[in-house]
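A.B. asks: Here is how the chains run, residue by residue.
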Amino acid sequence: MMRAPDTQITRPGLRAWLNSDAPASRFQARMIQLYLGWLKLRGNPLALIGFLIIVALVLMAIFAPWLATAEPSAQDLGQRLLPPGSAGHLLGTDELGRDIWSRIVYGSRITLMIVTLVAVTAPVFGLLVGTLAGYIGGWVDEVLMRVTDIFLAFPKLILALAFVAALGAGIENAILAISLTAWPPYARIARAETLTIRNADYIAAISLQGAGALHIITRHVWPMCLSSLIVRVTLDMAGIILTAAGLGFLGLGAQPPMPEWGAMISAGRKFVLDQWWVATMPGLAIFTVSLGFNLLGDGLRDILDPKKSKS
Amino acid sequence: MTDTLGTAGRRRGATPPLFKLARALAATLLSVLLTIIGLLFVTFLIGRVMPVDPVLAIVGERASQEMYEAAYRSLGLDQPLYVQFWIFLKSVAVGDFGMSTLTARPVAEDVLRVFPATLELATLATIIGVCFGVPMGVISAVHEGRWPDHLVRLFGLFGYSMPVFWIGLMGLLVFYGILGWVGGPGRLDIYYEDIIPPVTGMILIDSLIAGDMTIFWNAVSHIILPASILGYYSLAYISRMTRSFMLEQLSQEYITTARVKGLSERAVIWRHALGNVMIPLITVVALSYATLLEGSVLTEVIFAWPGIGQYITNALLSADLNAVLGGTVVVGLVFILLNLLSDLLYKIVDPRAR
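Protein sequence lines correspond, in order, to chains L and U. Heads up: the first sequence at position 101 corresponds to 101 in the numbering used here, and the numbers run straight through without jumps. Each position in the second sequence, counted from 1, maps to that position plus 1000 in the numbering used here.
This is chain U alone, in the form it adopts within the complex (with noise of 0.2 Å):
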């Protein structure tokens, strides 16, 4: 009894840690899957039930009743939901989304020529928040209770309380209206556009391969502003996550005897506990740029910034089917993949969490 009790013990503690971090990979990757498919699910659920007419949009309403039915059969209308679904699902796996009725172009096309916008503005608001959301965390929590603590978590609670179109708003009209420290809507001013040839799709990246300094600060002018309103809510976020993680940290021995050690305060904080709050850190930030990506919705609609929230809005706006879908599910699939990454990140990262 106690012998087979032994070697299974031992057998146990002989899985190779490799093993089981693949293990744990393939059960995240199967979730992931499941949820990839979900996601088409609701998606082609929702493109059924839109007050649309697919057919229409194609064929025009002059079309005659064969031509019509023509077009009715060829995009599978007639098949049962679940073989429609299947078609669906077969389309997209090669990146096809059909044509957008509002450019009469593939949807995967467009959406690959605004992405890039988008993904430049939340990256930039996400290294804002980062620069300006740790260290207020840390003060924050090296603080606690005192009057910085609340300064920092009132700031936040700011943040988590407006909305982001009208603090878009207001910061166009005093920064742009009334103080004329940055560019107005749009990426560059409009003599600058299409000057720089298309590399990344990202202007402050191709403005600076292109070696042209003027056009890179005209589009720092112009995406300071949004980036800093988006990053604000990275911002909030961070901070407050910070705080907690420090926190924690902080009420640790190992803290008390790097201090008993004699090590300076700015050491034991800054290196000793942030080093170790780094970690988690990283799960945060990488779900905050998730985040970012979708609430990038509003604010591009107030920045007039081509990227992919402004693209599903306009075709929303316009009950443009195809293009709707698409971009849900581009942007669906970069938030789960987000996710995902953020998760194995950590498990990779701490070997605690295996």
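For reference, chain L alone in the conformation it holds in the complex (with noise of 0.2 Å):
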């Protein structure tokens, strides 16, 4: 841990706090640990790139009425396929006459809302199969590690599509089935770090004093592969963003009017010799964003898994 000069150290206020290498607490000591990551985000230029796209992407979610300059679905049939730059239209309008920087805008939320639900099913449902598999071992973990090797040896998007195509199109059923098709990675990596921590000699201390398994496994076990998993969320991001693209492109996503950036470009497509700023400006926007989760997720692995950090 850094060590701040000692001037600074009797300085009370919260940098010091910061720079404490004494915490007092265990809030300190996880604000510590942040910080520090933050400094050291704060040194690799690329990774505060990607970062700061995604604030920014973030921020644009939040605030997409005050951003947009017109309603995203409302169509004008006399002000069809404008240029970038006319007026009023920042970006051009698309074949209803609709803004097409206001729908970016606003489609902003869709992206946002695929990857955080996608985010929160697919790793905790790799955990808890990871988990159990490696903690329970024996058939159990057999049969699990056998299932998740199944679905890894998967074509990921055909399946996806098949799911869908199962489930029916929809943006819910997108969702689902990019969940259904990312989890096994997780469940991998969480088996393989319960096998390392279930055998550390913490745990047959805690579980001498009467600790029993789901006391262990939750309280122990999971907060030990959080960053893990946290680093291989951060790199999946893009891919998931680029297939729930892919299958919003293919009509089997969000459906109209959703302002999705797939969907975008789909329609866009008809025009794209005539009217290129269609089809380009949502994919520029999912170019960006992912570009942005790409980044971050390069340099989130230097930070958080520095023994991983050199393959």
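No lab work stands behind these hints: they were computed from the structure. Any given hint could be a false lead.
[Stated by the list, open to error] Example chain U residues on the side facing chain L (calculated, C-beta under 10 Å, incomplete): (1) Leu1029; (2) Gly1047; (3) Phe1155; (4) Ile1178; (5) Val1182; (6) Gly1275; (7) Glu1294; (8) Leu1298; (9) Ile1312; (10) Ala1315; (11) Leu1316; (12) Val1331.
We put the beta carbon where it would ideally sit given N, CA and C, even for glycine.
Reassemble the complex: the two chains are provided individually, in unrelated frames, and hints are given to aid placement.
C.D. replies: Encoded structure:
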């Protein structure tokens, strides 16, 4: 841990509190950890750019009504297919005269929703499967890991397509289908971490003190799995966004008139040679956000998971 | 005590390596078999919950109640689920995926017809990915932490971040619409279609066999853009992996030895280090090839490429149940088998992995 100069330690204040190398509470210890992480992130310009892109996406989603210059689904057939820079239409209009900028702004909410829902379902399910397999061991481990391997061996996009076909097109089913294909890597990571943790001395110590399996898993195993899972989730985010956009593009994800970016590209496809902006703009949005998650994920790997950062 | 340990040790040491290899192969094959059954089971379940009535698809909407029930029974739908799965397994084993309602032909026949187009595209894309990805990874590793490295990594990250259907559209816009350098969507210009007799189903090869260079170059102008775009994804992956393998090799002592012996830097890097990287790289290339077969779905839709991806997508959109299941099973099988192949190649080429 970094040791601040003595003058700073004696001076009371937030920075000193964050620089302390003898945290007085668990909360302070966590905050110091976060602060150190932030310092490292700040030292990595690419990761910082990624972080800022994500922050911008979140802000865009929150303040969509203020940032948008028009209703995202307000049609005006007299103003259709206007080029970017037209009066009142920063990025032009689409085939129904809807303002592309406003649709992209509102579309950020859909992207964020997809990402959040997948990020809270797939890793949680993977964590459950992985820790159970790793902690119980024996035939439970054998069966669960066999199922995981089967899902890992599937072509993901095709499987997601087939799931959506079975469940019916729509944004909720697209999210479900992506989650169903995304959990296996998390299960493997959680199992590997569990195997090393469960043989640690401190686990033996607390189980001798009478801690049950449930207590050990929820209070001691899960927290230790978190950092590897977070890194993996961030690295997977771009892929999730791209898959969701792909489903939307094929007409299997978000349905019209939802301003989903992939579906917007699909609509603009017909005019791409003459009115290039209709398909180009939402694609740029997808590209920027995926790049943000990729840059941040690379950086987070260095911060949270120093042992693997070399590979 | 010491004696028994000694003989046991000797006996274990005496196990012929071929036998060990065979046992490893058997274990791998068993797990692949389980995976394939799992794939078939999941596909089967998807087919059962899909909101399409397979009976109506066969008898049509005007069929009488008796006809409907006869077809219902002939499909085995009155049987319990595990019997139905068994029927499904048996028909898949003999390559029978039923009829496609969209094309009114057997699905197996359809898949065989469209698959070469995908194979052609994915193969060319992999070649592009290897030809550019490997040297870029090597350069990146040699200049670790300096601008060539950053440039290559950023170029790769860009690839990871772009939706393939969008970059396909942009490629069409720029290289076809504005510059006119490449052919448009489809495999050939329309007036060249159906001239070449299909031998392999891959137009580049078929036109060479027929000796028709005009059609060959026309096919090249059509395939080059989608193949480059798919190849970009493969390049991003291959260059990243090459870089990390090279970094590992370059820190080994035999590299120092080679340098001390006075070998030129070029020989050290491109012959010694890269030579050792080739082995794990085989696995990477096989994996990326498998991913490309799948990744071609969206590319095929954009470029109107009549391959398996477009076939599955069309089937999905028109609720053609048999075609969706058949296509999914075939792509899944190829995917699993390519994974197996890369695994086996690795074990055969690298004795340490046995």
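A.B. asks: Hint by hint, note whether the structure agrees.
C.D. replies: Taking the hints in turn, this is what the structure says about them:
Using the Cβ-Cβ criterion of 10 Å, the hint placing Leu1029 (chain U) at the interface with chain L is not satisfied: the shortest such distance is roughly 14 Å. Residue-level restraint check for Gly1047 (chain U) holds (minimum Cβ-Cβ distance to chain L is 8 Å; threshold 10 Å). Residue-level restraint check for Phe1155 (chain U) is violated (minimum Cβ-Cβ distance to chain L is 12 Å; threshold 10 Å). Interface restraint check: Ile1178 (chain U) against chain L, minimum CB-CB distance 9 Å, threshold 10 Å, status holds.
A hinted interface residue such as Val1182 (chain U) counts as satisfied when its beta carbon comes closer than 10 Å to some beta carbon of chain L; here the least separation is about 13 Å, so the hint is violated. Because the closest C-beta pair between Gly1275 (chain U) and chain L is about 21 Å apart, greater than 10 Å, the hint is violated. Below 10 Å, beta-carbon pairs count as interface contacts, and Glu1294 (chain U) has one with chain L at about 4 Å; its hint therefore holds. A least Cβ separation of about 5 Å between Leu1298 (chain U) and chain L falls short of the 10 Å threshold, and the interface hint therefore holds.
The interface hint given for Ile1312 (chain U) is met, as the beta carbon of that residue sits about 7 Å from the closest beta carbon of chain L, less than 10 Å. Of the supplied interface hints, the one on Ala1315 (chain U) holds, with its beta-carbon coming within about 9 Å of a beta-carbon of chain L, less than 10 Å. Taken as an interface hint, Leu1316 (chain U) checks out: its beta carbon lies about 5 Å from the nearest beta carbon of chain L, inside 10 Å. Proximity of Val1331 (chain U) to chain L holds as hinted, the smallest CB-CB distance being about 5 Å (cut-off 10 Å).
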